[in-house]
Amino acid sequence: EDKVVQSPLSLVVHEGDTVTLNCSYEVTNFRSLLWYKQEKKAPTFLFMLTSSGIEKKSGRLSSILDKKELFSILNITATQTGDSAIYLCVADMRFGAGTRLTVKP
Amino acid sequence: NAGVTQTPKFQVLKTGQSMTLQCAQDMNHNSMYWYRQDPGMGLRLIYYSASEGTTDKGEVPNGYNVSRLNKREFSLRLESAAPSQTSVYFCASSVRVRTDTEAFFGQGTRLTVV
Chain L
778 EDKVVQSPLS LVVHEGDTVT LNCSYEVTNF RSLLWYKQEK KAPTFLFMLT SSGIEKKSGR
838 LSSILDKKEL FSILNITATQ TGDSAIYLCV ADMRFGAGTR LTVKP
Chain Z
36 NAGVTQTPKF QVLKTGQSMT LQCAQDMNHN SMYWYRQDPG MGLRLIYYSA SEGTTDKGEV
96 PNGYNVSRLN KREFSLRLES AAPSQTSVYF CASSVRVRTD TEAFFGQGTR LTVV
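Chains as they are written, first to last, in this note's numbering: chain L, 778 to 882; chain Z, 36 to 149.
Partial pick of chain L residues on the chain Z-facing surface, computed with a CB cut under 10 angstroms: (1) D779; (2) R808; (3) S809; (4) Y813; (5) Q815; (6) K818; (7) L865; (8) V867; (9) M870; (10) R871; (11) G873; (12) G875.
When the alpha-carbon atoms are kept at most 27 angstroms apart in a straight line, the in silico DSS-like pairs for lysine-lysine are as follows: (13) L/K818 <-> Z/K92; (14) L/K814 <-> Z/K92; (15) L/K817 <-> L/K780; (16) Z/K106 <-> Z/K44; (17) L/K844 <-> L/K834; (18) L/K780 <-> L/K834; (19) L/K818 <-> L/K881; (20) L/K814 <-> Z/K44; (21) L/K833 <-> L/K818; (22) L/K845 <-> L/K833; (23) L/K844 <-> L/K780; (24) L/K817 <-> Z/K44; (25) L/K833 <-> L/K844; (26) L/K818 <-> Z/K49; (27) L/K780 <-> L/K833; (28) Z/K92 <-> Z/K106; (29) L/K881 <-> L/K834; (30) L/K845 <-> L/K814; (31) L/K818 <-> Z/K44; (32) L/K818 <-> Z/K106; (33) Z/K92 <-> L/K780; (34) L/K814 <-> L/K844; (35) L/K881 <-> L/K814; (36) L/K834 <-> L/K817.
Computed from the model, here is a short list of chain L residues facing chain Z with C-beta under 10 angstroms: (37) V781; (38) C866; (39) A874; (40) R877.
For the record, the hints were derived by calculation from the structure and aren't laboratory data. Bear in mind the structure is a predicted one, so any value in this text is a computation, not a measurement. Where is the CB? At the ideal position from N, CA and C, for every residue including glycine.
With the hints as constraints, model all of the structure from the sequences given.
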């Protein structure tokens, strides 16, 4: 059965900390893995990863995919309170449960 | 830029009532999706439509029906609502099916079944 598993489910850090969010997947029709950020309402797109080992970066956020080990990580450096959100990964339309990140001042 | 528009935003139903959630996108996307989100469970795919005229079941289709009315519109119907269907429902669209393209989400419909 296809599954996408994220860890940790919840994380509380202080501003300035660096965090690593994990996503492992087992899906039949894998083409790419996407990361989304969900604040109060609709998820918004962060990254799409198709190839192993190629890091995608956007400001303080970066992500990488390992297609051999079937996982991806999302890193956030120098966290800010505005990073507080649920971070979702998705593979082949199947979402993980999400990681709820809380950044305290 | 409207993007993906869902109506209504909130709804309270009594057990056994029926209703249709509406979704429209103006991005000329081929694929559309309905998800439900429950606390601690991420988004689970109910149904999707790869292209106009086709629909397929997702992970949790029981109790729901869908209609891809045209390229723009994809509706979700609850024929006989149950408390277990209390959730937040998201419609999404993408250029093509499966996640090798970014999906755009509507703002969600919070449905409570009492």
